[in-house]
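K.L.:
Take a look at the letters that make up each chain.
2 protein chains.
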Amino acid sequence: MADWRDYLEERQASFVEDLKDFLRIPSISADPAHLPDVDRAAAWVAARLQAAGLADVEVLRAGRYPMVYGDWLGAPGQPTVLIYGHFDVQPVDPVEAWTDPPFSPTIRDGRIYARGASDDKGNMLAPILALEALLKTHGRLPVNVKVLFEGQEEILSPDLPDFVALHRTRLACDMAISADGWQWSATEADLRVGLRGICALEVVAQGPATDLHAGLYGGAVANPVHALVALLASIHDASGRVTIPGFYDDVRAPSDDERRRLAAIPFDEARYRRAIGVSALAGEVGFTTRERIGIRPTFEINGITGGYTGPGVKTIIPSSARAAVTCRLVPDQAPETVALAVKRHLESQRLNGIEITVNILPNAASPYLIPMDHPANRAARDVLVTLYGREPYYTRSGGSIPILDLFRRELDAYTVIYGFGLPDENFHAPDEFLRLDNFRRGQEAYALLLEQIRLRWNRLIPSKPVNLLVDFCSRAFSSEVDIGSREENA
Amino acid sequence: MADWRDYLEERQASFVEDLKDFLRIPSISADPAHLPDVDRAAAWVAARLQAAGLADVEVLRAGRYPMVYGDWLGAPGQPTVLIYGHFDVQPVDPVEAWTDPPFSPTIRDGRIYARGASDDKGNMLAPILALEALLKTHGRLPVNVKVLFEGQEEILSPDLPDFVALHRTRLACDMAISADGWQWSATEADLRVGLRGICALEVVAQGPATDLHAGLYGGAVANPVHALVALLASIHDASGRVTIPGFYDDVRAPSDDERRRLAAIPFDEARYRRAIGVSALAGEVGFTTRERIGIRPTFEINGITGGYTGPGVKTIIPSSARAAVTCRLVPDQAPETVALAVKRHLESQRLNGIEITVNILPNAASPYLIPMDHPANRAARDVLVTLYGREPYYTRSGGSIPILDLFRRELDAYTVIYGFGLPDENFHAPDEFLRLDNFRRGQEAYALLLEQIRLRWNRLIPSKPVNLLVDFCSRAFSSEVDIGSREENA
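Those protein sequence lines, which keep their order, are chains A and B. Using full-length UniProt numbering, read the first sequence as starting at 1 and increasing by one per residue. Using full-length UniProt numbering, read the second sequence as starting at 1 and increasing by one per residue.
Worth double-checking, as some hints may not be accurate.
Copies of one chain are not kept apart here, so a pair can be met inside one copy or by any two copies together.
Unchecked claim - Keeping only pairs whose Cα atoms sit at most 25 angstroms apart, straight-line, the calculated SDA-like set for lysine to any residue is:
id	residue 1	residue 2
1	Lys314	Ser185
2	Lys20	Asp412
3	Lys314	Gly63
4	Lys343	Ala238
5	Lys314	Arg454
6	Lys20	Pro76
7	Lys314	Gln206
8	Lys314	Glu347
9	Lys343	Asp31
10	Lys314	Ala209
What the hints contain is simulated information worked out from the structure, not anything from laboratory work. None of the values given here were measured: they were computed from a predicted structure.
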């Protein structure tokens, strides 16, 4: 039996040509004119999966967009792993800022430049090639594998909830692995062990039926902007804590181990401040910056508006004012519970002549946290130690990824994010690139991970590890720079 | 010598025809297509002034708009009174809501319906007819009179400051009377004895250099909306008082007489609340609604904006937030002093990672207050008692009128507002009208006022009453309903 390592080694030049072909397809999901290209990319992926040796390969529909499904289920008694990624890409504007045309892949200094190179075509092609290497050399995979690649990730996957719900039987799995992610640096690995949840609300303060003349009425009629700012200002106390009754009730206290692991992650505060453009950081007293983002919930005003906001002066008492708020949540807070606590607290305020209404918005996700000894987490850790020669950083992201909640809710499966690009690769920006040695590393990492999952799984009592929370890390948004990242995005 | 009363009596039918002619000119200053009509109205006024017997009648220019000046200066040793009004009118939209076409004056039930009937053509024609009656019967006026009628009042008189500064010698006077105003009701007169001043500021809270992802940074980076709402919420204490140091330093305590006079004005709180559409009133503890508006200063947020204010959710920490603020001022507060106190207070706050900048805007006016014994106030009061058979209400308006500050600053003259329409006459709305008996009453009132000013003036030591503050009342904006008004505007 040939070794899958040799197979990968021998075929790298051909795999890079495959990647170039894939990158030539301008599968921009945000542009309706490129919908046929998104379909072409789906067809390319389906063909590549068949060539790799997967069975049951099929292009399905989610709204107007294609989804590619495939599986290999020849390992009875072994777990089923769902591998996820996306073949749609971001728009290319400003196209004049690119060194080479975005859909003419170019290799310079060991990097391949093209839109989608890192996010996510290179990263999602790696596991396909790993599957091929295993199938072509061993004739089988260590575990059962399903793959699901989507064509609407860059437009926030509007059709994915319905799609996953509709296909929950076909997609049934024990765990999911997302190929959409990145590592800490070329020499350091990153295993995200936590991710915050989110709930969203709109707060409306209603005053007089119409805007009033601020001269003729000012001083005698309550101004809804005043009421709203007073209400919002009262949400935080002097120590930065949220004052809403019950807000922290379900917050799990971090263990000493967790705090130690967070403290071990490199953090250059001056560099961080410079990148953000602020003179000082601020937050809840008693917690480090990384803890404030990783393990503490927030009440954040994302926007506020009321009255006249144009140039010059318009002397009105506004009729109403509105704030958009999101709360980031940590284990074991539930979005519905926190949203209701916020709504009850704000609506219960007695204000003369002002009515407060809080609308809970549908945007919500639960927080995630993986136990350190979860087999998928241990398997990923083992492979990263092998590949990087050192323990990965165990980071916690402050962001939220709805797809994690979706897979968990619909498939009862948790997702490990496992991508091998680096955070400086210009996702969503001109001159996006992927380092070819990480493209290669990703292929090996996926083969190793599947083998390691089998090993770890079979050491457990052969039952599904229900109620174990699994790790996720944030998607590579150009605007989403995790503080764990050693380099900022462009 | 014929009596001017007989003259007015005999010519009412002809005067109403004059008013109709005047009202047929669609002198809408806001519409460039009607600029020639504004010029036609100016020519009509100039001709009418000449027919009335004034000398030195001239059409001058203020920017693209005409101004009509005229005078009669044949009373040496007597004071000089400047009479002010405007011959431009509001637009007529929605024109389909008018019972008759807006520039086809129609008389029904003793009311003349047309755009500008009350605001301000009928009210400004009345003093011209009074001057004519006095000149044609007595051959002279009791005092020296200058008239200044403008054609850009409805677009907020952008060219008036430069015009008045340029013509300060020609416009020199001892006092001004504005024919743009109204009375309390058909049977009750209104003498406004105070008017608030104003200063305007913009407050900017600057946080991170760009909007940040609220998941990845939330909790560790100060949010400028949070900073702004905390700052603005701290401006009022629990009793509704402004907490800015020095804010009340120059506020003159009202006398018991003043408070008594304000308390004597009819006020139906339930009706007032209903008109505004609020369930309760609110304001500074220890003051009535009328006092809160008339004799107390305010800090009012006219608008606030920051971050994402569109539909749905965008999870950002906004880069900055902004509030538009105006303060209404009472004697003896100076706009510059208060604006500086606000700026210093807000900019002195220490906020981690947030920079507060306060920009003082040019929009400013000083507060006004007339001493009860000022001769012009006494003269107006005497005439109103004669005409209405009872003492007028002494009201204080919460609004501000820049022209009062302009006449005071440039001409060292104070203005009495003295119009005879009623506040229900649909200024700025469809079916504007003027009651013809008030048109008639205005003519008589102006003749009596000039006689009474001469009497009152000559009882004083014959020197100009410097440093006496004179009363003003608010212009008839459809959106500016003074709480003193018995009836709301349409």
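K.L.:
Within a copy, between copies, both or neither: where do Lys20 and Pro76 come within 25 angstroms Cα-Cα?
P.N.:
Neither: 36 angstroms inside a chain and 98 angstroms across chains, both beyond 25 angstroms.
K.L.:
Go through the copies and call it for Lys314 and Arg454: within, between, both or neither, with a Cα cutoff of 25 angstroms.
P.N.:
neither (68 angstroms within a copy, 40 angstroms between copies)
K.L.:
With identical chains treated as interchangeable, where does the CA-CA distance between Lys343 and Ala238 reach 25 angstroms or less: within a copy, between copies, both, or neither?
P.N.:
So Lys343 and Ala238 pass the 25 angstroms test inside a copy (22 angstroms) and across (23 angstroms) alike.
K.L.:
My question is about Lys20 and Asp412: at a cut-off of 25 angstroms on alpha-carbon distance, are they close within one copy, between copies, both, or neither?
P.N.:
neither (36 angstroms within a copy, 81 angstroms between copies)
K.L.:
Is it within, between, both, or neither for Lys314 and Glu347, if the alpha carbons may be no more than 25 angstroms apart?
P.N.:
Classified as between; 23 angstroms across copies, 29 angstroms inside a copy.
K.L.:
Between copies, within a copy, both or neither: which fits Lys314 and Gly63 at Cα up to 25 angstroms?
P.N.:
Result: close only across copies, 23 angstroms inter versus 46 angstroms intra.
K.L.:
25 angstroms Cα cut-off: does Lys343 pair with Asp31 within a copy, between copies, both or neither?
P.N.:
Close neither inside one copy (38 angstroms) nor across copies (48 angstroms); limit 25 angstroms.
K.L.:
Could you place Lys314 and Gln206 in one of the four classes (within, between, both, neither) given a Cα distance threshold of 25 angstroms?
P.N.:
Answer is both; intra-copy 19 angstroms and inter-copy 23 angstroms each pass.
K.L.:
Checking Lys314 and Ser185: alpha-carbon separation at most 25 angstroms within a copy, between copies, both or neither?
P.N.:
neither (53 angstroms within a copy, 29 angstroms between copies)
K.L.:
One pair to classify: Lys314 and Ala209, alpha carbons no more than 25 angstroms apart. Within, between, both, or neither?
P.N.:
within (18 angstroms within a copy, 28 angstroms between copies)
In this structure, the earlier hints numbered 1, 2, 5, 6 and 9 are contradicted, and the remaining ones agree with it.
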